[in-house]
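Take a look at the letters that make up each chain.
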Amino acid sequence: MSKNVNINVHHLTRVEGHGNIVVNVTDGTVEKCEWQVPEAPRFFEAMVRGRHYSEVARITSRICGICSVGHTLASLKASEKALGIKVSHQTDRLRRILKHAENYDSHVLHVYFLIAPDLLGAPSVFPLVPTHGDVVKRALRMKRLGHEWGACLGGRTTHPTRPVVGGFASLPGGARTVREAEAHLRELKDKLLAVVPDAVETYKLLCELAGNIPAFERPTEFVGLVDELEYGLYDGAIGCLLPDGSLEMVDVQDYRTVTNEYVTDQSTAKFAKHKLDSYMVGALARLNINHARLHPEARKLADGLGFKPICCNPYMNSVAQFIEAVHCVYMAVEYIDELLTVGLKDEKPVAPSSYGRGAGAADVPRGILFHEYAYDSDGMCEMGNCIIPTNQNHANIQCDFDKMVQEMLAQDLTEKQMELRLEMLVRGYDPCISCSTHYLDVTFRK
Amino acid sequence: MTSQSRRYILGLGNYAMGDDGIGLQIVEQIADRGLDRRFTVVEAGNDGMLVLTYFSAETDKLLIVDAVDFGGAPGEFIFFAPEDVETRKYAGGISTHEGDVLRLIEMGRTLGLPVPQIRILAVQPLSMQMDGGLSAALAARMDDYVAAAVAEMDKP
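Respectively, the protein sequence lines represent chains U and X.
Counting the first sequence from 1 gives a position; my numbering is that position plus 43.
Counting the second sequence from 1 gives a position; my numbering is that position plus 96.
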């Protein structure tokens with residue numbers, strides 16, 4: 044084969060942040076095949092040094108505008124571990140409901156606005172407006188729920204203000220009384236149940252589009268939380284699932300034995316690996332690990348979509364995200380019922396009992412993340428370490444590229460087809476590479 | 097405010113990117129000071145798509161608060177309606193990192209969504225580098241922004 048290919052995608056669209064795809068093939072020989080991340084370092088770990096424990100989660104939640112709930116919760120759990128704090132049952136349940144809100148909200152955004160255009164053959168959501176208006180409207184309805192759900196628990200969905208070290212700063216809905224807070228939870232439950240018809244329509248749409256999902260498989264290691272209580276999102280141990288089905292459990296305090304971060308010339312972001320050359324985190328990893336813990340209603344949809352663990356097609360990450368979104372709705376309803384049955388209490392946050400070092404984890408929309416802090420005897424932060432999901436996926440994306448490019452050359456795909464397939468792969472991972480600015484730039488009409 | 101409220105003030109921006117966070121900080125101040133008695137504060141952050149979810153029959157008025165480069169002096173603020181301006185920004189698609197709220201508003205119109213009365217409170221930024229805070233020129237005028245936003249929400 045004497046094929047020449049020159050793919051150079053600078054700043055891939057419909058991903059969060061900046062990443063490049065570079066593939067050079069000369070006379071059928073792959074000379075360069077790289078997933079590059081050119082983002083600058085952001086120094087959050089330095090920012091938290093010298094800060095009081097009460098400030099740390101507010102700072103590190105700003106690592107990400109989408110996964111800010113997960114960063115907040117992982118940060119709080121790390122601080123609570125370091126400060127000898129055990130939170131109440133009520134706090135645990137309210138945080139779980141909040142965590143579910145984040146995963147639901149992000150998954151709706153990703154599946155509908157970032158992935159659906161690929162499956163429908165459109166360059167973005169804008170061309171779909173005239174032809175698929177009802178789908179876009181449905182997506183907006185579902186998205187509104189995600190925001191209201193998160194805001195009810197967290198004060199706001201992005202960078203939540205109510206979760207604090209030791210508990211919550213105020214009751215759900217910002218209520219002044221327990222009775223008012225319970226009314227807010229009942230109202231939220233009604234809204235959650237009202238989204239079910241839209242979820243069913245989404246399921247039908249995905250069934251229609253499933254044939255457009257590229258067939259590609261590469262066995263890899265999957266890493267995600269394993270929680271005794273439910274599908275791992277808010278808490279648990281680190282589960283490391285190998286393609287042969289073996290599952291290794293690692294305590295969150297030993298997370299560095301899993302992440303093994305390293306630097307590479309092709310990227311300013313660190314890469315990670317554990318048992319194999321790379322591992323995958325995110326919805327597909329979680330679903331492979333936690334399939335048996337899905338809520339029965341989500342399990343039905345997973346079966347209907349033909350999902351069977353262990354699935355090694357990274358393009359199926361978006362399908363896994365939808366299944367998770369449904370799981371999140373039903374689990375939140377169950378937790379609300381539980382809280383209303385027991386009755387809410389007006390609890391004060393638990394105070395520190397010691398000062399030391401601790402790590403915390405949460406499994407956010409894009410995968411498992413870790414925070415670790417050490418505090419001095421005045422509660423001031425001495426060190427911080429934060430490992431985000433997307434960095435853990437970079438090596439896996441690169442390994443997928445290596446295999447896929449060879450396969451696409453063998454299939455004699457055109458350069459444009461190869462480029463689209465690679466772009467879709469990266470978007471499938473839902474990478475969140477950095478945060479950027481969003482200002483308007485306008486000129487006044489005459 | 098209750099969920100039946102029909103008037104919303106949405107703060108857009110990114111805290112971590114200097115003056116880009118001004119919209120978010122203004123609405124946060126309004127909520128913290130308890131000034132949101134006749135309207136609902138929505139801290140939208142970088143989630144511009146959220147604006148479109150408020151295009152519904154139950155919404156009477158939306159005030160979007162954001163950093164806007166309109167050629168003014170740093171810290172200067174103005175109000176305008178989306179139809180008063182043209183965007184100079186190129187956005188290849190939609191994510192929380194790229195996207196243009198003016199383009200989203202146009203998308204809402206194309207979808208046939210009920211478009212409420214929309215006003216934009218635009219604050220001219222000085223710096224949008226990742227430095228962890230507002231420029232002094234903007235921080236010094238926070239009370240003015242808050243008062244202007246609340247007064248705008250009091251108008252029909």
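Hints listed in this document are in silico derivations from the structure and should not be mistaken for laboratory results.
Where a beta carbon is used, it is the ideal one built from N, C-alpha and C, also for glycine.
Mixed in with the good hints there might be a few duds.
Derived coverage of chain U by chain X (criterion: at least 3 residues anywhere in the stretch with Cβ under 8 Å from a Cβ of chain X; other residues may be distant) [claimed, not checked]:
id	stretch
1	180 to 188
2	199 to 208
If we take Cβ atoms under 10 Å as the criterion, some of the chain U residues that face chain X in the derived model are [said to hold, decoys possible]:
id	residue
3	R105
4	S111
5	F156
6	A194
7	A237
8	G422
9	E425
A quick look at each hint next to the structure:
no., hint, verdict
1, 180 to 188, "holds (count 5)"
2, 199 to 208, "holds (count 4)"
3, R105, "5 Å, holds"
4, S111, "8 Å, holds"
5, F156, "5 Å, holds"
6, A194, "8 Å, holds"
7, A237, "13 Å, violated"
8, G422, "21 Å, violated"
9, E425, "20 Å, violated"
Checked against the numbered hints above, the structure breaks hints 7, 8, 9 and satisfies the rest.
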